[in-house]
Amino acid sequence: MVSVQDKRIQYGIPAILALALAVPVLTDSMFIVNLLVLMLISIIFASAWNLLAYSGQGSLGHAAFLGIGAYASTVIAAKSGLSPLLTIFLGAAVAAFIGILIGLTCVRLKEWFLAMVTFGFAIIVQTLTVSVLAPLSGGWDGIPSPRLFSASLPGYQLIEYYFILFITLATLGAIWYIMKSRIGLAFLAIRENELEARAAGIDPVRYRLLAFALSAYLAGVAGALQIHHIGYLTPELFGTENSFWPVTFVILGGLGTLAGPVVGTVVLTVIWEGLKATGMTFGRYVIVGVILILAIIFLPQGLVSLPEKIREWLKRRQKEPVPGTAGKQPGS
Amino acid sequence: MDEFSVILQIIFWGLYAGCIYILLATGLNLIFGVMKVVNFAHGEFLMIGAYITATVFFLTGANPYLIIVLSMLALIGIGAVVERLCFRPILGTGKLNEIFLSIGLIYIIQNGAAMIWGDAWQSIKSPYSGITVPIGPLAVPLDYVIIMVMTAVILCGLYVFLKKTTIGMQMQATSQNRKGAMLVGIDVERIDVISFGLGCALAAAAGTLWVVSGQVFNPYMGSIPAIKAFAIIILGGLGSIPGAIIGGLLMGLAENGAAYFLGGIWKDAISFVILIIVLVIRPTGLFGEKGE
Numbered sequence: 001m002v003s004v005q006d007k008r009i010q011y012g013i014p015a016i017l018a019l020a021l022a023v024p025v026l027t028d029s030m031f032i033v034n035l036l037v038l039m040l041i042s043i044i045f046a047s048a049w050n051l052l053a054y055s056g057q058g059s060l061g062h063a064a065f066l067g068i069g070a071y072a073s074t075v076i077a078a079k080s081g082l083s084p085l086l087t088i089f090l091g092a093a094v095a096a097f098i099g100i101l102i103g104l105t106c107v108r109l110k111e112w113f114l115a116m117v118t119f120g121f122a123i124i125v126q127t128l129t130v131s132v133l134a135p136l137s138g139g140w141d142g143i144p145s146p147r148l149f150s151a152s153l154p155g156y157q158l159i160e161y162y163f164i165l166f167i168t169l170a171t172l173g174a175i176w177y178i179m180k181s182r183i184g185l186a187f188l189a190i191r192e193n194e195l196e197a198r199a200a201g202i203d204p205v206r207y208r209l210l211a212f213a214l215s216a217y218l219a220g221v222a223g224a225l226q227i228h229h230i231g232y233l234t235p236e237l238f239g240t241e242n243s244f245w246p247v248t249f250v251i252l253g254g255l256g257t258l259a260g261p262v263v264g265t266v267v268l269t270v271i272w273e274g275l276k277a278t279g280m281t282f283g284r285y286v287i288v289g290v291i292l293i294l295a296i297i298f299l300p301q302g303l304v305s306l307p308e309k310i311r312e313w314l315k316r317r318q319k320e321p322v323p324g325t326a327g328k329q330p331g332s
Numbered sequence: 001m002d003e004f005s006v007i008l009q010i011i012f013w014g015l016y017a018g019c020i021y022i023l024l025a026t027g028l029n030l031i032f033g034v035m036k037v038v039n040f041a042h043g044e045f046l047m048i049g050a051y052i053t054a055t056v057f058f059l060t061g062a063n064p065y066l067i068i069v070l071s072m073l074a075l076i077g078i079g080a081v082v083e084r085l086c087f088r089p090i091l092g093t094g095k096l097n098e099i100f101l102s103i104g105l106i107y108i109i110q111n112g113a114a115m116i117w118g119d120a121w122q123s124i125k126s127p128y129s130g131i132t133v134p135i136g137p138l139a140v141p142l143d144y145v146i147i148m149v150m151t152a153v154i155l156c157g158l159y160v161f162l163k164k165t166t167i168g169m170q171m172q173a174t175s176q177n178r179k180g181a182m183l184v185g186i187d188v189e190r191i192d193v194i195s196f197g198l199g200c201a202l203a204a205a206a207g208t209l210w211v212v213s214g215q216v217f218n219p220y221m222g223s224i225p226a227i228k229a230f231a232i233i234i235l236g237g238l239g240s241i242p243g244a245i246i247g248g249l250l251m252g253l254a255e256n257g258a259a260y261f262l263g264g265i266w267k268d269a270i271s272f273v274i275l276i277i278v279l280v281i282r283p284t285g286l287f288g289e290k291g292e
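Quick note, the sequences are listed as chains F and X, same order.
Note that this note's numbering has the first sequence beginning at 1, numbered continuously upward.
Note that this note's numbering has the second sequence beginning at 1, numbered continuously upward.
Hints listed in this document are in silico derivations from the structure and should not be mistaken for laboratory results.
Backbone N, C-alpha and C fix where the C-beta goes; we use that ideal spot for every residue, glycine too.
A hint or two may mislead.
[To be verified] Using C-beta positions, here's what the derived DEER-type ranges look like:
#: 1; chain 1: F; residue 1: G274; chain 2: X; residue 2: P89; range: 25 to 31 angstroms
#: 2; chain 1: F; residue 1: G139; chain 2: X; residue 2: M169; range: 49 to 55 angstroms
#: 3; chain 1: F; residue 1: L306; chain 2: X; residue 2: L183; range: 36 to 42 angstroms
#: 4; chain 1: F; residue 1: E236; chain 2: X; residue 2: A120; range: 14 to 20 angstroms
#: 5; chain 1: X; residue 1: L183; chain 2: F; residue 2: G274; range: 47 to 53 angstroms
#: 6; chain 1: X; residue 1: C156; chain 2: F; residue 2: K309; range: 50 to 56 angstroms
#: 7; chain 1: F; residue 1: L275; chain 2: X; residue 2: F4; range: 56 to 62 angstroms
#: 8; chain 1: X; residue 1: N63; chain 2: F; residue 2: E308; range: 58 to 64 angstroms
[As the list claims (entries may be wrong)] Below are the DSS-like pairs computed for lysine-lysine, each with C-alpha atoms no more than 27 angstroms apart in a straight line:
#: 9; chain 1: X; residue 1: K179; chain 2: X; residue 2: K164
#: 10; chain 1: X; residue 1: K36; chain 2: X; residue 2: K95
#: 11; chain 1: X; residue 1: K36; chain 2: F; residue 2: K180
#: 12; chain 1: F; residue 1: K276; chain 2: F; residue 2: K180
#: 13; chain 1: X; residue 1: K164; chain 2: F; residue 2: K309
#: 14; chain 1: X; residue 1: K163; chain 2: X; residue 2: K36
With the sequences and hints as input, model every part of the structure.
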């Protein structure tokens, strides 16, 4: 199977890259470019969540880091006058710092506790944003956020698209590198068996915190990018919906794989926008929920495992013809 | 009002709020105890219970306190279907899977409810609203007294069910040792369905008491009480029903105390503060068993 996979990577990645680079040239529609930008940001966000899940920690409150990155970047840009191109990384650093704090309370916890704490955490951050931090955050009304590139720049939307595409690729590259490195191995070891990992000299607490920091950082970048792209920021960014999207994307695509978040995000975004075109409102979420549950039950390795699955199924069919029909259909 | 009656008032409000949390957290714990599954969509069953009660009330005008029976029965059925279709196929395939599955359920149930009932905030008026009972220096709404009594009755009923009936004892056995229970001939899958249904029925009871007390509800109402229920079961220990009761009361008291002394915005945030303090001091909860 390795050779098939290698071939898929060898041709697949350049093909997708070429498509991603060419899309804005192929279409004049700013609607589609805008959609692609949001999709790329979702890919960063989903990949960030996936990295944390890779270390065995399932967060249900990643909207917290998305929102913290966005707010921190906006506030820093507004107070210091720095360009958003710079502050997205500073805002993300704030998210990473908060991520470490949350990680510290969670590292020793079992899966359920971790999910509960993170789930609650996003709500609490939202509460604090609209209450204690209202003078900075503008409360429920929100605050305007400076654009990544000035709208007076000719073709700024395309520049923005390529900039975000670059960040997305850099993120995926970094995650690929982390997964292949000793750090990634340590994450895997902790996820599979903490006791054995400890016996092998891996400090689970340190690596869990590292996973939290990295994941929160990338989620913060995604949040800052999204908000500087849209140009306005409200506390709805902290909503549970934003915590659940990356989970849905990653589960559908394939948990713990590099391509999973990308595939899941692209497929679900297409489905989502398709359903939107039919005028559905609540029904869309119901369909997404059904897709998620079906994927968990019937395709636990996600869409990335689908080609293997189909190939195996075909092979099995070739080897074991259905009894009774074997004589009639030789070599089917 | 003097200091004493203010404190008394806070305690009373705390107990009333605690009742709803206790029912929700007990249901979660019941399901966890038997199936070792944390149902993150538990708040959604509270919401369905609330809507069933409200809908029947709007249609028939019957006493909403009586509709609680109907609502609980309906949720036993819905819970059993959800367990059979969603949780059973993935039981034992990893705890993260169960958590992610709950997210799918949240999507489906919240938005399904929004399709049926719309997403506007609604409320109903209890037939006893406006009637107050003097307790010491306080005049407390009759509804709150009824809610406390009903919670006590439901919990006593649950206690008797678990201790005296065959199914209840089978549930306890399954919760203590699943393999052992199988060996002595208990159909653990049937027990799973029953526990999940009962847990959902308790959530429906919580939802009914929520709407009857005049609080507003909409399809997305379930998340906040569910988070508090999580905090309670962490506080009281995963799987411990006495822990859920004490934790629920403490949570109700802390919440109302915080709202009074620190300001209304802390009402929801305090549960999280408590949660973090407890987790830092005692990661298994106050009354929790160690590990699995």
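Results of checking the hints against the structure:
For the pair F:G274 and X:P89, the supplied restraint of 25 to 31 angstroms holds, since their beta-carbon distance comes to about 28 angstroms. The supplied range of 49 to 55 angstroms is met by F:G139 and X:M169, whose beta-carbon atoms lie about 54 angstroms from each other. Between F:L306 and X:L183 the C-beta distance comes to about 40 angstroms, which sits within the given range of 36 to 42 angstroms. Between F:E236 and X:A120 the beta carbons are some 18 angstroms apart, a value that agrees with the proposed interval 14 to 20 angstroms.
Roughly 51 angstroms separates the CB atoms of X:L183 and F:G274, a value that falls within the hinted 47 to 53 angstroms. The hint said 50 to 56 angstroms for the Cβ distance between X:C156 and F:K309, and at roughly 52 angstroms that hint holds. The beta-carbon spacing between F:L275 and X:F4, approximately 59 angstroms, falls within the hinted interval of 56 to 62 angstroms. A hinted range of 58 to 64 angstroms holds for the C-beta pair X:N63 and F:E308, which are about 59 angstroms apart.
The hinted pair formed by X:K179 and X:K164 meets the criterion: a straight-line CA distance of about 22 angstroms does not exceed 27 angstroms. Restraint check for X:K36 and X:K95: satisfied, since their Cα atoms lie roughly 9 angstroms apart, inside the 27 angstroms limit. A distance of roughly 34 angstroms separates the Cα atoms of X:K36 and F:K180; the hinted pair therefore is violated under the 27 angstroms criterion. For the hint linking F:K276 to F:K180, the alpha-carbon distance of about 38 angstroms lies beyond 27 angstroms, and the restraint is violated.
Only pairs whose Cα atoms come within 27 angstroms are accepted, and X:K164 paired with F:K309 is rejected, the gap being roughly 50 angstroms. At roughly 20 angstroms between alpha-carbon atoms, X:K163 and X:K36 fall within 27 angstroms of each other, so this suggested pair holds.
In this structure, the hints that do not hold are numbers 11, 12, 13, in rising order.
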